[in-house]
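K.L.:
The chain contents come next:
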Amino acid sequence: MATETTAAETVSACVDAGGSAVGMPQLCGDWIGNQVFWLIITLVVIYFVLSRIALPRIASVLAERQGTITNDIAAAEELKRKAEEAEAAYQKSLADARAEAQTIAQKARDDIKAELDDAMAKADAEIAAKTAESEQAISEIRASALEHVEVVAKDTAAAIVQALGAQPDEARIAAAVDNRMKG
Amino acid sequence: MATETQGADHGDGGLVFHPMDQFIVKPLFGDGAVGMFTITNVTLWLFISILAIIGLMVLGTSRRAIVPSRSQSVAELAYGFVHKMVEDVTGKDGLKYFPYIMTLFMFIVFANFLGLIPMSFTTTSHFAVTVVLALAVFITVTVLGFVKNGAAFLELFWVSSAPLALRPILAVIEVISYFVRPVSHSIRLAGNLMAGHAVIKVFAGFAAIAAVSPISVLAITAMYGLEILVAFIQAYVFTILTCVYLKDALHPHH
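As they're listed, the protein sequences go chains Y and P.
For the first sequence, our numbering gives the first residue as 1, with consecutive numbering after it.
For the second sequence, our numbering gives the first residue as 184, with consecutive numbering after it.
Honestly, I wouldn't trust all of these hints.
Stated by the list, open to error - Rough simulated footprint, nothing fancy, chain Y against chain P, three-plus residues with beta-carbon under 8 angstroms:
no.	stretch
1	198-212
2	236-249
3	307-315
Please keep in mind that the hints were generated in silico from the structure rather than gathered at the bench.
Glycine included, every Cβ here is placed at the ideal spot set by N, Cα and C.
Please model the complete structure; the sequences and the hints are all you need to start from.
P.N.:
Structure, rendered in structure tokens:
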């Protein structure tokens, strides 16, 4: 200290003549007041800036964001619910339409079947009538044919008898033909 | 890391180390002595840290956007980081003191990082600064403890879970540790920063020798990376310890 120049003395006891530190500048008592004074001012300014402006603003922004996110999630859930409802309604109408189509188809099928049955029955009846008629006609024809065969046979027999030169006896011929016809 | 005032008058041709010169407080205007109200490099860098904090926390958030810009999201990150820390450590009733703790954290983190700018002055590397911070925490917490709990605050020193015979001894230890808190709280911060910055300066001094200068530059780079880590971690440690002390004041029962 004693050897220091006057220039160094005007600056500080903690700095030597060349401007270098003597020991640890941190332990230099001359500067403590200055540092503490400006530090306290700094801290007070920072505190007021933060507590009055910055922190409330950030808190409100964060709260607003949280609110927005919550709202958006709620809206999304609402939309999802609506979409699900719409899907359920769609499925229900689809099922209804299917059921209706089935009913209509069944009804049409039943109608056609009934009509068909009706027509079949009618046709069957007609066929039966026709068959009966035909049978009648056939039996008539058969009866008349037999009759004709008998007459023809008697005539033929009489003609043959006549051709053989005998007098045909109608009663005998008839008996013989009848006898023959019976088998 | 302040100006390297290499004295030619020192020069004896060898290496010149002045690792502590960066911590010298000097007036910005003139060469006079440093009085209490002198505007010094300390004043300058404290004000730069105020401006940086205003820039980030006020200007950065001025748009109040729902979808944040980059600066706003950094500000929100800082807010959320400290807010969560206070809430986790002290509980809901500690959130009242969140602005104070946020002030401490923002100041320390900005002072630390601004100190990493070459040629700047690291305000938090001075015990005068960190002791004020630590004492502010210590006195506030102690007063708060007595105001909130009355004499019950003294239960902090009376470990009721220990055997009765041990309790007086533990109480002595607890009292000592309580009063050591501001010392460790302040020296931890200033010491870490001072040591890191001084080491960088020493490596820088070695760069004068051409043979070792590449190693020296690499070492400076590595130390700088470490110091970036230290700058944040020390701010975090200071803040979380403040929260722990605050928790003791609010809930002194073990």
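K.L.:
Taking the hints in turn, state whether each one holds.
P.N.:
For each hint, the structure was consulted:
no. : hint    : verdict
1   : 198-212 : holds (count 7)
2   : 236-249 : holds (count 8)
3   : 307-315 : holds (count 6)
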